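Note that the protein sequences, when read in sequence, are chains A and B. Just so we're aligned, residue 1 is where the first sequence starts under this note's numbering, counting upward by one. Just so we're aligned, residue 1001 is where the second sequence starts under this note's numbering, counting upward by one.
Simulated from the structure, these hints should not be mistaken for lab results. Since this is a predicted model, take the numbers as computed values, not measurements. Glycine is no exception: its CB is placed at the ideal position from the N, C-alpha and C atoms. Among the clues, some could well be false.
[Claimed, not checked] Below, simulated DSS-like cross-link-like pairs (lysine-lysine); rule was C-alpha separation at most 25 Å, straight line: (1) A:Lys-136 <-> B:Lys-1168; (2) A:Lys-136 <-> B:Lys-1165; (3) B:Lys-1168 <-> A:Lys-77.
[As the list claims (entries may be wrong)] Output of the computed footprint for chain B on chain A, the stretches with three or more beta carbons under 8 Å from beta carbons of chain B: (4) 78-87; (5) 102-111.
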Amino acid sequence: MEKNTIIELKNITVEFDGEKVLDDMSLSIRDGEFVTFLGSSGCGKTTTLRLIAGFLEPDSGEVFFDGKNMRGVPPYKREVNTIFQRYALFPHYNVYENIAYGLRVRKVPEAQIKEQVTEMLRLVNLQGFEKRNVTKLSGGQQQRVAIARALVLKPKILLLDEPLAALDLKLRKDMQNELKNIQKQTGITFIFVTHDQEEALSMSDTVVVMNEGKIQQIGSPIDIYNEPENAFVADFIGESNILDGIMKSDYNACFAGRCFPCLDKGFEPGEEVDIVVRPEDVDIVKADQGMLRGTVTSVTFLGVHFEIIVDIGGFKWMIQTTDEHKEGEVVGLVIEPDAIHVMKKSKYSGQFGDYSSYSDEIDTLNVIEEEEN
Amino acid sequence: MKKRSFAQRIAGAPYILWAALFIVIPMAIVVYYAFTDANGQFSFDNIKQLADYKETFLISFEYSFIATVITLIISYPFAYLMSKKSAASQRIMMMLVMLPMWMNLLIRTYSWMNILERNGIINNFLEQFGIEPLKMIGTPGAVIFGMIYNYIPYMIIPIYNVMSKIDKSLLESAEDLGSNGLSKLRRVILPLSMPGVISGFTMVFVPSVSTFYISQKLGGGKVMLIGDAIERQMQTSYNYNLGASLSLVLMIVILISMIVVNRFAGDDDLLI
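Please put together the full structure from these sequences, using the hints given.
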């Protein structure tokens, strides 16, 4: 089935007090997708959401909805509904009236309102809550009311602004599954905003990684993780060792003092590149059997695995392994060709991916603690 | 229940003492006077005499009600606009609202006398253009105007306070769900600002209904409100018993009307 573009952003720029919050951003979103804007606070993800909802007009650029330019169209005329970060339920209405709000505004007959609200309550698992005071509900329940209140209007797009941020971890996991199910059941386009990379990867069809008002990468969660486009994305999504390297030729990348076979091609011979190696893709072997050799400088037990910092010629690698190693131990590392990912140099090169600051931080913290003791 | 510490128990003591001395005991005295005659004998005479003041009561309530409603009509949109302005403008507007309150009520009312008089500022001004002097002082209109003028800050401030605390995301949420400006006002802003309206209503209505100074000065002796009647019994006729019974009935009627207002608004958290 061919899916149509439902939202298109064209060269959007938004400034607040002379500062560019969104910088010439373009993006299109297909109907029925679960799209996530991922980035740290201030990256422009919420601003993008507010542009689509209509609470904000871009300083330049246009928003198209189903091919129609949305400039000057107020929020109440857009077929888009929002789940606000703090839910924004109406405290003076009970659960039923909150969900019925949009239908009442549209002057839907009472019998139909009752039918649709009941159906929504079933969808979000809140049967029997009709008469409850919304301010007395738990965070998760308020969240469900907010979802029902938006979905009852059958919007073409549902915008979700960090909707799970206020929930505790367990509830957050449950709601992630539930949201994903609701999206599948209804087929509505979900545009989700979060700073939690795990949430983004586990829920979305498409992830849009943003930083400093610009899109860093758009892709499926697997692509984003395995093929990060630059050092920022590699560092932001999961853990990464990012090294300076040189592409000697196709399928041959040189870094950390030697050359490795890899799967990347299409670079100029001798081009300077960033090399990404994920901590879980490195195998630790005996010192004399490795491609690289280094000293373990720190070991942290995290339950499922150990996080080990290995110093190789002054660059500190993070490696995740299920085997225990001791601090000071000399180990060998094996890096398979498919574990190496080569990226073009970007303005983020050299800023991320070295774990020497990581162990430094721990050292400093220890020193401070000792001083305090 | 949690045990309260000594400090917690004595923290309320000053106010309880104050309330006992200056609220509860005087009330008891009012009740005592209301049900006794000049010789201190128990009697219903004062209560029976109240029938003569039916008109006065009705007029007092009518004028104060009109004044309060007009005050509300002026204040509500003003408070709404004020709550939407920038922080700096809000401070300036708030100061302008409060400014008249820095002056004593008696002085303010007295100056309105000079403005509204037969030979007052307005009529002098109109005379320049050959317009016949208007009769303003001594009319119910002047009394109602005086009430509005004096008590309007007590309406604006509570409404503004409530409105400025309404979560902005609720308003965005209303728009998001399809409300235009009017529907947002009716379905969200109005119900959420009701507590402010009720306290504003109370704070304007209660002093208006019991005022005697405004009606004396701006009513020119032609408008007698219940406050004037009480003052006359106390100050001129030295009939404390009748004065007390008038006061008692006034208090009870105010209490009842406030309960009605609260019930009408459907908010049982607030009592008066």
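Now the hints, each set against the structure:
Restraint check for A:Lys-136 and B:Lys-1168: the C-alpha separation of about 20 Å stays at or below 25 Å, so the hint holds. For a cut-off of 25 Å, the pair hint linking A:Lys-136 to B:Lys-1165 stands: about 20 Å separates their Cα positions. Of the pairs offered as hints, the one joining B:Lys-1168 and A:Lys-77 holds, with about 19 Å between alpha carbons and a cut-off of 25 Å not exceeded. With 6 residues bearing a CB less than 8 Å from a CB of chain B, the segment 78-87 of chain A meets the requirement of three and the coverage assertion stands.
Three residues within the 8 Å Cβ limit are the bar, and the segment 102-111 of chain A against chain B gives 4, so the coverage statement holds.
In summary, the structure agrees with every hint in the numbered list given earlier.
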